[in-house]
Structures are given as structure tokens and as C-alpha cells.
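Construct all of the structure, not just a fragment, from the sequences and the given hints.
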Amino acid sequence: MYMTTDKNNFKNDAELLKMNRGELKKIQKSLKDEIDSLFNSLIDFSEKSKKKSTLPKEIEQDKIRLMEISGKLEDKINDFFLTTYKQEIIDELGQNTSKIKPPITEKNGIVSLSEQFFNLRSTLKQNQLFDKVQQEELEKRLQESNDLKKALDESSIIVIVDKKGIVIYVNRLFEEISEYQLDELVGEYLSLLKSDYHTEEFLTYLWRVISNGFVWKGDIKNKTKSGNFYWVKTTIVPLLGKNDQPEQYFVISTDITKQKELEIKLSNALEEIKKTDELKNEFASMITHELKTPLTPIRGYCDILKEEGFGPLNNDQRDFINTIEQNATRLERLIGDVLDVQKLDMGKMTFNKKNLDVGEFLNDTEKDILPLLKEKEIHFSIPDNVRINISTDKFRLQEIFENLIRNSIDFVPHSGKIDIDVQNNEKMVIFSVRDNGTGIPEEKQSNIFKKFFQGDTSQTRKHGGTGLGLVVCKGLIEGLGGKIWFDSQKGVGTTFYFSLPK
Amino acid sequence: MKLLIVDDNKDITTMLSKYLLMKGFDCTVSNDGKDGMNLIKNGLFDRVILDMAMPDFGGMDIINELEKSNKLKDNKIIIFTASSISDEEGLDLLKKDGIIKLLRKPVQLNELLESITN
Chain R
1 MYMTTDKNNF KNDAELLKMN RGELKKIQKS LKDEIDSLFN SLIDFSEKSK KKSTLPKEIE
61 QDKIRLMEIS GKLEDKINDF FLTTYKQEII DELGQNTSKI KPPITEKNGI VSLSEQFFNL
121 RSTLKQNQLF DKVQQEELEK RLQESNDLKK ALDESSIIVI VDKKGIVIYV NRLFEEISEY
181 QLDELVGEYL SLLKSDYHTE EFLTYLWRVI SNGFVWKGDI KNKTKSGNFY WVKTTIVPLL
241 GKNDQPEQYF VISTDITKQK ELEIKLSNAL EEIKKTDELK NEFASMITHE LKTPLTPIRG
301 YCDILKEEGF GPLNNDQRDF INTIEQNATR LERLIGDVLD VQKLDMGKMT FNKKNLDVGE
361 FLNDTEKDIL PLLKEKEIHF SIPDNVRINI STDKFRLQEI FENLIRNSID FVPHSGKIDI
421 DVQNNEKMVI FSVRDNGTGI PEEKQSNIFK KFFQGDTSQT RKHGGTGLGL VVCKGLIEGL
481 GGKIWFDSQK GVGTTFYFSL PK
Chain X
1 MKLLIVDDNK DITTMLSKYL LMKGFDCTVS NDGKDGMNLI KNGLFDRVIL DMAMPDFGGM
61 DIINELEKSN KLKDNKIIIF TASSISDEEG LDLLKKDGII KLLRKPVQLN ELLESITN
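Residue numbers (the working numbering), protein chains in the order written: chain R, 1 to 502; chain X, 1 to 118.
Heads up, a few of these hints could be off.
Computed list of lysine-lysine pairs in BS3-like fashion (alpha-carbon distance at most 27 Å, straight line) [what the hints assert, rightly or not]: (1) X:K41 / R:K306; (2) R:K306 / X:K10; (3) R:K353 / X:K101; (4) R:K354 / X:K101; (5) R:K306 / R:K194; (6) R:K417 / R:K374; (7) X:K76 / X:K34; (8) R:K367 / X:K101; (9) R:K225 / R:K194; (10) R:K354 / X:K41; (11) R:K306 / X:K2; (12) R:K353 / X:K10; (13) R:K353 / R:K427; (14) R:K306 / X:K95; (15) X:K76 / R:K343; (16) R:K483 / R:K450; (17) R:K394 / X:K101; (18) R:K394 / R:K502; (19) R:K217 / R:K348; (20) X:K41 / R:K394; (21) R:K258 / R:K217; (22) X:K76 / X:K101; (23) R:K354 / X:K95; (24) X:K41 / X:K101; (25) R:K306 / X:K101; (26) X:K101 / R:K348; (27) X:K73 / X:K101; (28) X:K73 / R:K394; (29) R:K163 / R:K149; (30) X:K96 / R:K348; (31) R:K348 / X:K95; (32) R:K343 / X:K101; (33) R:K353 / X:K95.
Bear in mind the hints are in silico, worked out from the structure with no lab data behind them. Here the structure is a predicted model, which is why all the values come from computation and not from measurement.
As C-alpha cells, this is what we get:
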């Protein structure tokens, strides 16, 4: 609006100048006549002066007459400039008057006067040129501004409100998203669109920011005419008036409803996951208690019967009890593995690192593992004279070895071999558990660290593994800062390696 | 030696009492937390085998109550639990004067026996 008014003013200026030019032409003609008459008088006077016959009294009279004409002419020109021309120029051109030389203030004579008159004319021409250039520039800027306005109008949702928050203007996109028409909104408070999603504090803060002349940026949820909701990413720019106080607010928004909906869905999903995790946690505790409780009398009675306090057992009875005990142990291990996997998955496994004498540790491991080797008469070896100390969690390392050795026991033949070794590197210690078992089929090798996976599914029943042992090992080793890998050849055997930091 | 076994699972208390009787101990059984606590308060037992997760009034409630009445330290309690107890929780329990051992179910009975006689 402002720009258009300016343009009109400009047009008015141009009209006025045009009118003045007509007037000037008239004046110029009248001046020319006067000047011609003056020159004629001068020539006449000069010729009379040359003729000595002319009476001095007559010359004196001519001189007086000339002076009079000249004075009249000057007065007339001055009057014209001062009243008609200068006044109007001053009124209409304002600051540009500095470019116009002031009219004659001294009586310099006709020549100087006409010079000044022509100077004035050329200045006027320059001013016209200047105005033309200015008008072109103005139109160019107006065009640019219109282009910008159009671009903004097409891409953004725009509202202009007054300092009280009453709508002055909305654009087409605003009408589209809010479902209100311009005339329905103009004169209404913008709070008409309030969704009641935002807190009073949020809205109070927003108002405090903009009413103090600061730009506010943020996401707002609004309500459409039909009661639906939409989200906008909004920038509110206060337009400052007198004393730098906001007179209007320019509200520019983009529709982010879809994005927000996705965000909300995502946050709900995360909340769900969190709840599921809590449930999993509760479930794990429940499993522990509910599964371990019935195992207690099962194992307890096995112990009691084996002690023969209630009468002697025959060989069959003893075998049966051993089978019950072995299965109870298997269940116990399964529960333990499930819980470990759970803890590892949720990042809740704790590691308590302390200095550990590896040699001593391996000797203890051998003692613990010996009873398990008896049934298959497995040859077991650990390296001699290991002098390595590392900082690690002894109990987790025991768990790792137990899992790997049990794994090997399951897959080695009768009288098979299991060899433990350790290499001392610069920063890491590398342990290995080598067996001469069946080996892992090549096509299954990529899956062995996955839950409930065994190299050969028929092995699950045969070997009684939980399918979680290697998953637990990997989790524990990584938790301790190391890595696990293996080397396996079908029919030859498998070696598991794992590194641990010192 | 007089023992008190507090556990809501009757299969467990029967099994334990049969075993411990066989080993020559004098066993009293309680399958209820509050009842068990009252028996402990009387202070007649050399060892108490205490389950943690019991309905209504659990092992932890008993321990807290005994601590409040300043009677925990007069006891020798063996916690016998199937609940998953973290290392931290376990160590916190063992710091209390009156709790001598933490055993996790299922346990080998000779291990329990060791805890009682040591």
C-alpha cells in the first residue's frame, strides 16, 4: 500500500512539472519580448550616443528610460520566480529544491539575469531527468517487491495483526489452512484459532516476546473453522512504530502438520517401547522367581534322595535322579542365559573390573570344569606358567569360559579335545578355546551369534544347549571392551577367540 | 540348633525341613510373612532361613520391621531367594547386622548346610 501511494505522488509531481513547463514557456515568450525590446532600446541608445549630434539631454532621458525598463524587467522576472515558479517547486519537490539555483537576488543586469534564467531551465531539465530515473528505479523496486510478496504469498501462510492481536490481513494460504475467509477474520482476534493445546505460560511468554519488539519463532497448534487441528512453524515479526513500539505483527507460518503428526507418532512409539522395556524387565523378574522357585524342591529332593537318608538307592534310581538333576541344571542355565541376554539387551549388565591373575584364573577354571568333562572323557588343557594380569570382571569371565567350554563339550566326540590358550599382546590379551568337534557348517557360520540359533537345529535336542550361550558370550565380551570371533572347519573343529583389554 | 524356615512355598519348606531334620536340626516352619516375623521377634532361633518374595508381607518387610524395633542384630538370618537381586542390593543386605548369608534358589543343599553350620 505504501509503495503505491508513493507512486501516485510521483505521478502528481510529474504532472505538476509538466504544467509548470507550459507556464514557463509563456513567461519565456513574454521575457523574450521584453528582452528584445530592451536590446532594441540599447542599440538605439548606443547609436544615439555615437551620434554626437544627439543632445546630451536626450541621451540622458534614454538612459533613464533604459534603467526603468531594465528595472521593471528584473522585478518582473524576480516576481515570477519568487511567486509562481519557486514557490511551487519548493512545495512539490521538497528536498529536491536544493538542486534549483536560487533566483536572482542581486540586480546584475539583463545578461546575468537571462543566464540565470537559462541555468534555471537546464536545472529543471536535470531534475526532470533525475525524476525519470527515480521513477524507473521506483517501478523496478515496486516490481521486485511485488515479486517477493507473490513468492511469500505462495509459499507461506501470512497474517498481519494489529498491536492488540486483531487481524488486519490474511493471505490465500491462510484462508485455505484455517478454513476462514479474509472477511470473517478481519477485525477478529487471532486467538480465534486457539487450539487449547498450548499452556497459558507458553502464550504469555510468546506475547511478552513480541510485544517487547522481539521476533518469536516456534511451533503452534491451531484450530480450523470446522474444529480440526493443524500445526504451523511460525515466525512473528513485530513492525515497530513510534518509540520503537510494535504497531503491527507480521505472522509468517508454514504448515508442519504432517511432520508434527509423525513426531507425535514417533514419540508415542518410543513411549510404547519404553513401556515394553519395563514390561520385559518385570517379566524377567517374574521368570526368575517363578521358574527358580519350583526348581528348588526338585533339586532339593534330588539331593536328599542321593544322600540316602530315607533309604538306599539302586543304580537305576540313582541314574534317574541324576537325569532329573541334569535337566534341572539345564533349566537353571536357560533361566540364567535369558536373564543375561535381557540385561545385555537393555544395557543393564554391570561389570565390576578388578585386577585379575590370568594364570590363577585358568587353574580355577580347570578345577571347576573337570566334573563336566568326565562323562565324555574329554582331554582338557590349559597353558602352563601364564604370567599375565588384566583388569576385568572375574565372574563375567568365568561365565564366558563356562559357556564356551560347555559349547565345545556339546560338540566334541567321546575322548575329544578342548584346549585353552592365551596370547599376551601389547594392549589386549587374546584367549582361545579350541576343540576337535563337528565344526560349524559354513552356511550357518554367520548366524551363530544370533539368539536361539544353533549350527544344526537337530543339535538343540541332542546337545541340550540353550541357543543363548554364544549370544551371552558376545554381549559380555563386548561389555568388557573386547571382541569375539571364531575359526571353524566342518569335521575338524572350532576355535573361538576373544580379546580383552589389559 | 533351632532353625526357623520362613517361605510361602510349602513344597520348599517341607523339603527343607525334611532335609534339615535328617541332619539333626530342630526346625520350625512358617508359610506366612507376618507370622514368621512374630516368631523371629521372639528370638528363639539360632538361624533363620528367610524367603524374600512372599505375598502381603515379604522378607524385606520383615527385615525393615526388625530393624525398626532394633531386633535385626539379635538374629542370624540366611536369605534364601529366587528373586533376582543385583550385586548392589545383595551387598546392601549383607551390610546389615543380623544377615549372615545370601543364597540363591535353587541351591545345592550341602551349600545351605555349610551356611548354617559355619
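Given the hinted pair K306 of chain R and K2 of chain X, is their Cα-Cα distance within 27 Å?
25 Å, holds
Hinted pair, alpha-carbon criterion (27 Å max): K343 of chain R, K101 of chain X. Please report holds or violated.
Satisfied, since the Cα-Cα distance of roughly 25 Å is no more than 27 Å.
27 Å limit on alpha-carbon distance, applied to hinted pair K73 of chain X and K101 of chain X
14 Å, holds
Given the proposed pairing of K353 of chain R with K95 of chain X, does the C-alpha separation stay at or below 27 Å?
21 Å, holds
What's the verdict on K306 of chain R and K101 of chain X, does the C-alpha distance respect the 27 Å limit or exceed it?
Judged against 27 Å, a Cα distance of about 25 Å means the pair holds.
Does K101 of chain X sit within 27 Å of K394 of chain R, going by the straight-line distance between their CA atoms?
Roughly 21 Å between the alpha carbons, so the hint for K394 of chain R and K101 of chain X holds.
Given pair status - K41 of chain X, K354 of chain R, alpha carbons within 27 Å:
40 Å, violated
Against the 27 Å threshold, does the CA-CA distance of K353 of chain R and K10 of chain X hold or violate the hint?
40 Å, violated
For the pair supplied as a hint, K76 of chain X and K101 of chain X, is the alpha-carbon distance within the 27 Å limit?
9 Å, holds
Pair hint K417 of chain R and K374 of chain R, alpha-carbon separation not exceeding 27 Å
12 Å, holds
Mind checking the alpha carbons of K353 of chain R and K427 of chain R for me, to see if they're no more than 27 Å apart?
16 Å, holds
Taking 27 Å as the top limit, are the C-alpha atoms of K163 of chain R and K149 of chain R close enough?
Given pair K163 of chain R, K149 of chain R holds - Cα atoms ~22 Å apart, limit 27 Å.
Violated hints for the displayed structure, listed by number in ascending order: 1, 5, 10, 12, 14, 15, 19, 20, 28.
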